[in-house]
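**Student:** Protein chains in written order, with the numbering used here: chain A, 93 to 208; chain B, 79 to 190.
All clues given are correct.
Chain B regions said to be covered by chain A (calculated; three or more residues, Cβ under 8 Å): (1) 115–127; (2) 178–184.
From chain B, some residues computed to sit far from chain A (all C-beta separations above 10 Å): (3) A80; (4) G94; (5) R146; (6) E150; (7) L156.
No wet-lab data here; the hints were simulated from the structure. All C-beta atoms in this analysis are idealised placements derived from N, C-alpha and C, irrespective of residue type, glycine included.
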Amino acid sequence: AQKVTQAQTEISVVEKEDVTLDCVYETRDTTYYLFWYKQPPSGELVFLIRRNSFDEQNEISGRYSWNFQKSTSSFNFTITASQVVDSAVYFCALSARDTGRRALTFGSGTRLQVQP
Amino acid sequence: DAEITQSPRHKITETGRQVTLACHQTWNHNNMFWYRQDLGHGLRLIHYSYGVQDTNKGEVSDGYSVSRSNTEDLPLTLESAASSQTSVYFCASSGQGDQPQHFGDGTRLSIL
Chain A
93 AQKVTQAQTE
103 ISVVEKEDVT
113 LDCVYETRDT
123 TYYLFWYKQP
133 PSGELVFLIR
143 RNSFDEQNEI
153 SGRYSWNFQK
163 STSSFNFTIT
173 ASQVVDSAVY
183 FCALSARDTG
193 RRALTFGSGT
203 RLQVQP
Chain B
79 DAEITQSPRH
89 KITETGRQVT
99 LACHQTWNHN
109 NMFWYRQDLG
119 HGLRLIHYSY
129 GVQDTNKGEV
139 SDGYSVSRSN
149 TEDLPLTLES
159 AASSQTSVYF
169 CASSGQGDQP
179 QHFGDGTRLS
189 IL
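Please put together the full structure from these sequences, using the hints given.
**Tutor:** Below, the structure is given as structure tokens:
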């Protein structure tokens with residue numbers, strides 16, 4: 093069975109601080125995809141990034157960066173110079189290709205509050 | 079623009095009633111999914127479909143059913159609603175392979 097753990101239930105930072113959201117995953121499959129989604133207070137789910145298991149390059153998109161390490165089964169998300177608009181619940185998710193499942197297994201989410 | 083629409087956005091019903099939540103997508107995606115979101119659990123998979131006439135059970139499928147008669151729609155039915163099914167329900171769709179899923183705006187269902 094596959095599993096995603098987001099141990100940080102809630103994080104509170106002050107604007108302009110950097111913050112890292114942790115994600116640890118478990119799967120027996122050799123081919124899998126990892127995702128991050130953002131859920132702002134309005135409730136919709138916004139796709140942020142997809143990473144496949146064969147690509148361990150870190151990725152940067154503006155103030156967002158992702159660190160994928162297969163050795164520790166982690167896919168952490170860093171927001172640099174946080175802003176109030178970053179306040180949201182962030183979900184890490186996993187889909188395993190080998191078992192034919194394109195459905196996502198989600199972590200329980202990390203609520204980020206950025207104080208002005 | 080292509081989109082995925084859920085209806086209703088909010089619903090209140092009584093235990094024992096049959097409830098159907100609609101999901102309609104115009105992406106022409108083969109893959110469609112239903113999840114429920116509860117505090118402390120993130121989103122959990124209820125049912126999913128990889129094409130017309132194909133349906134599969136997810137992690138929390140008891141008490142729910144789906145049918146896929148066309149590409150665009152995957153309605154979710156609660157045969158006999160229970161208070162434990164009070165939740166926010168999200169429908170999603172995705173294209174070929176492991177493309178990111180597009181989510182609807184959710185349906186907040188309260189069962190009294």
